[in-house]
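Trainee: So the protein lines, in turn, are chains A and B.
For the first sequence, this note's numbering begins at 2 and goes up steadily by one.
For the second sequence, this note's numbering begins at 554 and goes up steadily by one.
What the hints contain is simulated information worked out from the structure, not anything from laboratory work.
A few of these clues could be false.
Derived DSS-like pairs: lysine-lysine, alpha-carbon spacing no greater than 30 Å straight-line [to be verified]:
1. K513/A to K848/B
2. K513/A to K758/B
3. K5/A to K848/B
4. K5/A to K343/A
5. K777/B to K513/A
6. K566/B to K343/A
7. K857/B to K5/A
8. K106/A to K5/A
9. K852/B to K513/A
10. K852/B to K5/A
11. K661/B to K452/A
12. K513/A to K343/A
13. K814/B to K852/B
Some residues of chain A that are not near chain B, with every Cβ distance over 12 Å (derived) [unchecked claim]:
14. S4
15. I11
16. K56
17. A134
18. G145
19. D252
20. P276
21. K321
22. A358
23. G446
24. R448
25. R501
26. E504
It should be emphasised that the depicted structure is a prediction, and the values quoted were computed from it without experimental measurement.
Every residue gets a Cβ at the ideal spot worked out from N, C-alpha and C, and that includes glycine.
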Amino acid sequence: MRSKYQIYLIAAGLVILALSIMFYKIEFLGYSLSPETKRSLYEVEAKVSFEGTGKGAFVSLALPPDQDGFIRVNEDAASSDFGFVIANRHGTRRAEWSRREVTGKQTLYYTEEILPDPNYRAEKQPEPVINPAYEKLELGDLSGKVVEQLIREARTHSYDDVTFAAYLVKKFSNKTDQTISLIFHKYVKNDQDLQRAFAVILAKADIPFNMIEALKLGATKRVNRLIPMFEVYDARKKRWQLFDLHKGQIDRPADLYFWNRGPDAVLITENVKRPRVSFAVTETLVPARTATLKAQKAQESIWNGFSLFSLPIDSQNNFKRLLLVPIGALVVVLLRLFVGLKTSGTFMPVLLAMAFAETQLIPGIVMFLVVVGIGLLFRSYLAHLNLLLVARISAVLILVVGIMVYVAILSYRLGIQESVTITFFPMIILAWTIERMSIIWEEDGPREVLKQGGGSLIVAILAYFAMTAPMVGYLTYNFPETLLIILAIIIVAGRYSGYRLSELYRFASFAKRIDR
Amino acid sequence: MTLEWVRPSVLRKLGILGMNGRNVDYIGRYNDRRLYPLVDDKLQTKKMALQYEIKTPDLLGYIAFQSEVKKIEEFIPEGEGFVIKPAQGSGGKGILVILSHENGKFVKPSGEVLDLAELRRHVSNTLSGLYSLGGRDDVAVFEKLIEFDNAFDGFSYEGVPDVRVIIYRGFPVLAMMRLSTSTSDGKANLHQGAVGAGIHIGTGKAINAVQFDRPITHHPDTDKDLRTLEVPHWDEILEIAARAYDMTGLGYLGADVVLDKKRGPMLLELNARPGLAIQIANNTGMLQRFEAIDKVANKPWDYKKRIAYSLEQFGGE
Chain A
2 MRSKYQIYLI AAGLVILALS IMFYKIEFLG YSLSPETKRS LYEVEAKVSF
52 EGTGKGAFVS LALPPDQDGF IRVNEDAASS DFGFVIANRH GTRRAEWSRR
102 EVTGKQTLYY TEEILPDPNY RAEKQPEPVI NPAYEKLELG DLSGKVVEQL
152 IREARTHSYD DVTFAAYLVK KFSNKTDQTI SLIFHKYVKN DQDLQRAFAV
202 ILAKADIPFN MIEALKLGAT KRVNRLIPMF EVYDARKKRW QLFDLHKGQI
252 DRPADLYFWN RGPDAVLITE NVKRPRVSFA VTETLVPART ATLKAQKAQE
302 SIWNGFSLFS LPIDSQNNFK RLLLVPIGAL VVVLLRLFVG LKTSGTFMPV
352 LLAMAFAETQ LIPGIVMFLV VVGIGLLFRS YLAHLNLLLV ARISAVLILV
402 VGIMVYVAIL SYRLGIQESV TITFFPMIIL AWTIERMSII WEEDGPREVL
452 KQGGGSLIVA ILAYFAMTAP MVGYLTYNFP ETLLIILAII IVAGRYSGYR
502 LSELYRFASF AKRIDR
Chain B
554 MTLEWVRPSV LRKLGILGMN GRNVDYIGRY NDRRLYPLVD DKLQTKKMAL
604 QYEIKTPDLL GYIAFQSEVK KIEEFIPEGE GFVIKPAQGS GGKGILVILS
654 HENGKFVKPS GEVLDLAELR RHVSNTLSGL YSLGGRDDVA VFEKLIEFDN
704 AFDGFSYEGV PDVRVIIYRG FPVLAMMRLS TSTSDGKANL HQGAVGAGIH
754 IGTGKAINAV QFDRPITHHP DTDKDLRTLE VPHWDEILEI AARAYDMTGL
804 GYLGADVVLD KKRGPMLLEL NARPGLAIQI ANNTGMLQRF EAIDKVANKP
854 WDYKKRIAYS LEQFGGE
C-alpha cells in the first residue's frame, strides 16, 4: 500500500511541477492558455529627412533606451549609401549616419518592433546622479540670478527633489506671475523650450533628473510627435518619478514609450539643411504565441534555450506531431484499462491515428481496411509457401507498399485526391498488423480478429479525435509540460485496480446468477 | 443478444476479481518479474519439476536453431502421437498436436493431415518467435502425447483436457477442467471456445460449466452432461498444484495438470497470468477466498497443511 501513496505523491508532484511551469509561462513570459488571444505589437518608424549641402553630412538620432514595460523584439535601420553605426553618447544609444558629399533630399529610416509587457523590467535604470552634460545647458541669456531666485523659492516650498520639481511645474503654470510670464515671453516658445527651462533650473539645483522625449503608442496614428517630459529621481522610493511639463507629477501610462532619455537632443546634425524627424506608429495584433516567441528571442530568457521555438521550423513541425503521441498513448491507456477494449498491438492505434491525421478520417479508415483486407488475402496465400517468418513479413511489407501505390494511382484517376496521402500510413506497422491478424484468424478464429481489429480501429479513431483537437495541439506544443500531467494521469491509471467497463458486461449474467 | 450490465458495487460484493485488480493487486504484488522465465519457458518449468520430482509429460527433445529443423524426424516417436509446442508460447498459441502418423502423413485431432514440410514450417515459425511472448526467438519442444484418462471420455472433443488450479500464495483457491471443443480446435483455452467446468475443491466434481463466459450444461460437440464430470486422483492434482508454488515462488499462479491413463496426474505447464473465467465456471468470485488465505499466508506451512486449510475453508458444500 505504501507504494500506492508514493504513486499519488509522484503524480501530484508532476502535476504541480507542470502547473507551476505553465503558470510561470503565462504570468511572466506572456504565454496564453488559448490560441485566440492576441497581443499588440507596435512598429515604430523614425524617419529623418534633410537636404544635403554638398559637404560631408552627419546625422545622429537618439534611440529608445531599454526600459520597463517594453521589449524591443526587432530593430532595423535603412540607410542607403550612408555609413551607419549605433553609438553610445552620454549613456544614450544613438543611430549615427554619415556620408561624404551629400546633395539633394535624403531620407533615413530607423524602425523597431516593440512589445508591451507590463512584467518586463529593464536590465539597467539610469544612475541616480546628475549627468554632467546637463550642466552646460543654457536657456538663451536667462540670467543665473533669476534661476537662483526660482530655486530658492522652490526650496522653501518643498522638502525633497520630487516636491521641488512639482512646485516648479506648478509655478510655471501660473502665467500671471511676473517672472514666469517674462520667461515665457522671452525664452519659452514651445514645450521643448519649457523642458529646457526646467532642465536648466534642475541642473543648477543639483537635482538628479533626465530629459525625456516620449511617444504615445496607444492610438495608431500615422505621424506621432514626441512629447517632451522630464523625470526626477525619488531618493525615498528609489525610483525615477515622471513629470508632465504642465500637469506635474504623473504615473507613467502603459502606452508611453520613452524615445530619448538623456541630455542630448533627439536629432543632432552637421552640414545638413532642414533636418526633420517624424515618427509613425503602427499597431498590429499578433497571436500571443507569436508575440511570446518574439519576446523570448529578444529577451534571451532561460526558457528560450529549452523552448521548442528555438528549433528550426521544420523540426518544430515534427515535434508538433511528436508531442501528440502521448495524447494517443493516454487514449490507449484509458480505453484499455477503464473500458477494456482489445487492440492488436499496444500502440498500433496511436500510429494509425497519426496516419489518419494526415489522410483525414474517412479516407484513412477506408484505406486502412483496403490495405489490411488485401493484405490478409495475400497472407493466406503466402501461408502455403512455407516461408520463414522474417521473409514472410517482408513479403507482406512489399505487398503493402504495392497496395499503397496502386490505391493511390487508381483513386487519383477516379478523382479522389485524398488517396495520395496514403503514404503516411506506417507500412511496417501495417505489415505486422496483417501478420498478427492472420495468426489470430488461424488460432482464435475470425471472431477474435473482428474484436481486436475493431478495437484497434475504435481506439485509433478516438485517439485521432483527441490528437487533432486544436486545443490539444495548441497546449501540447506551447506547454510541453502538459506531458508531465499526462504522465501523472497514466501513472495513476496504472494502479487502477477496479473493474473495466467491459467486465460489467462480461460478468453481468454470471453475477446476477450467483447474486441470490 | 441483449446487453446486460451489472453495477461495480455488485461485483465487489460478490468478490469477483477483475482484470485490473488481478494485474495490480495480485500479479503485480505477488509475482516477482524475475521469476517469470521459470513459467514462461516450458523447458525451464520441466527441468525444475524434475528437480522437485513432480511428474511432467515425457520430453522427446527440442529444437533451438533453424539449421536443426531438418532433423525434425529424430524427435518424432515411432508409431506414437506427439505434441510440438513453443517453449515460450502463451495462450495456447503454436501448440501442434499430432495424434498419429504414418508414411510422413501427420494427423491432427481435427482429422486434418499435414505433411513433413508443413511440420517443418511450424517448427521454423516457432523458432522465429511467431508464437512467443514479444516475438522473441524461441525453442520448439517435442513432448509425448498424453493418453488421457478414460474418466474424460466424451467430455472433451479432439484434445487433451486439463485441470487448471489457481494457487494463491501456495493455497489452492479454485479449479476448473478445461475441455476442448470443435470451436477451440482441440485447444484447452477458454477464449478460443473451450469449455470450462468448475471443479469443487473438496470433491473434484463439476459444479458448473461455461463456454465463452456463458453457462452451458452439455458439451457442445459430444452432448455429454457436464455435471456428471468427476476428476480422478483429485488429491494428487491438488498436491502438484500446491507444490508448484514452492517450486516457483509465484504468489498468483495457474497450474495446468493433465491426467495420463498410465502415469496419472502430470504438470503440463504453469501460468503466471491465469485468466478470470474460472470464477464464472465455479459460480463464485475469488476475492473472499483470497482474503481467507491472507489471514494465514504468513505461517510457515508446507503444502500439505496449505491444502488442508483450503479444503477446510473452500471444500465444504
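Trainee: Each hint: holds or not?
Mentor: Verification of the hints:
Annotation: proposed proximity of K513/A to K848/B holds, straight-line Cα distance about 29 Å (limit 30 Å). A distance of roughly 23 Å separates the Cα atoms of K513/A and K758/B; the hinted pair therefore holds under the 30 Å criterion. Annotation: proposed proximity of K5/A to K848/B holds, straight-line Cα distance about 22 Å (limit 30 Å). Pair hint K5/A plus K343/A holds up; C-alpha atoms about 26 Å apart against a cutoff of 30 Å.
Of the pairs offered as hints, the one joining K777/B and K513/A holds, with about 26 Å between alpha carbons and a cut-off of 30 Å not exceeded. Proximity of K566/B to K343/A is assessed by CA-CA distance (about 27 Å); at most 30 Å being required, the pair is judged to hold. Distance restraint check for K857/B and K5/A: the Cα-Cα separation of roughly 35 Å exceeds the 30 Å cut-off, and the hinted pair is therefore not satisfied. Proposed proximity of K106/A and K5/A is contradicted: the alpha carbons are some 79 Å apart, above 30 Å.
In summary, the hint linking K852/B to K513/A is not supported, as the alpha carbons are separated by about 36 Å, beyond the 30 Å threshold. Among the hinted pairs, K852/B with K5/A is consistent with the structure: their alpha-carbon atoms are about 26 Å apart, no more than 30 Å. Pair hint K661/B plus K452/A holds up; C-alpha atoms about 27 Å apart against a cutoff of 30 Å. Between K513/A and K343/A the alpha-carbon distance is near 25 Å, which keeps this suggested pair within the 30 Å criterion.
With a CA separation close to 37 Å, the supplied pair K814/B and K852/B exceeds the 30 Å bound. Annotated as non-interface, S4/A brings its C-beta within 12 Å of a C-beta of chain B; the closest such distance is 9 Å. With a closest Cβ-Cβ approach of about 16 Å to chain B, I11/A is found to remain outside the 12 Å limit, as its non-interface label requires. With a cut of 12 Å on Cβ distances, K56/A stays outside the contact zone with chain B, its closest approach being about 85 Å.
Its beta-carbon lying about 76 Å from the closest one in chain B, A134/A satisfies the requirement of being farther than 12 Å from that chain. Chain B leaves G145/A outside its interface by the beta-carbon criterion, the shortest separation being 90 Å against a cut-off of 12 Å. Against chain B, the non-interface label of D252/A holds: every CB pair exceeds 12 Å, the least being about 61 Å. Residue-level check passed: P276/A sits 80 Å from the nearest beta carbon of chain B, beyond 12 Å.
K321/A, annotated as away from the interface, keeps every beta carbon of chain B farther than 12 Å; the closest lies near 31 Å. With a closest Cβ-Cβ approach of about 28 Å to chain B, A358/A is found to remain outside the 12 Å limit, as its non-interface label requires. Consistency note on G446/A: stated as away from chain B, yet its beta-carbon is not over 12 Å from all of that chain's, at 7 Å minimum. At the 12 Å boundary, the C-beta of R448/A falls inside the reach of chain B, the nearest C-beta of that chain being 9 Å off.
Not every CB of chain B is more than 12 Å from the CB of R501/A (nearest about 6 Å), against its label as outside the interface. Listed as a non-interface residue, E504/A fails to keep its Cβ farther than 12 Å from every Cβ of chain B; the least gap is roughly 5 Å.
Hint check: violations occur at hints 7, 8, 9, 13, 14, 23, 24, 25, 26; the rest are consistent with the structure.
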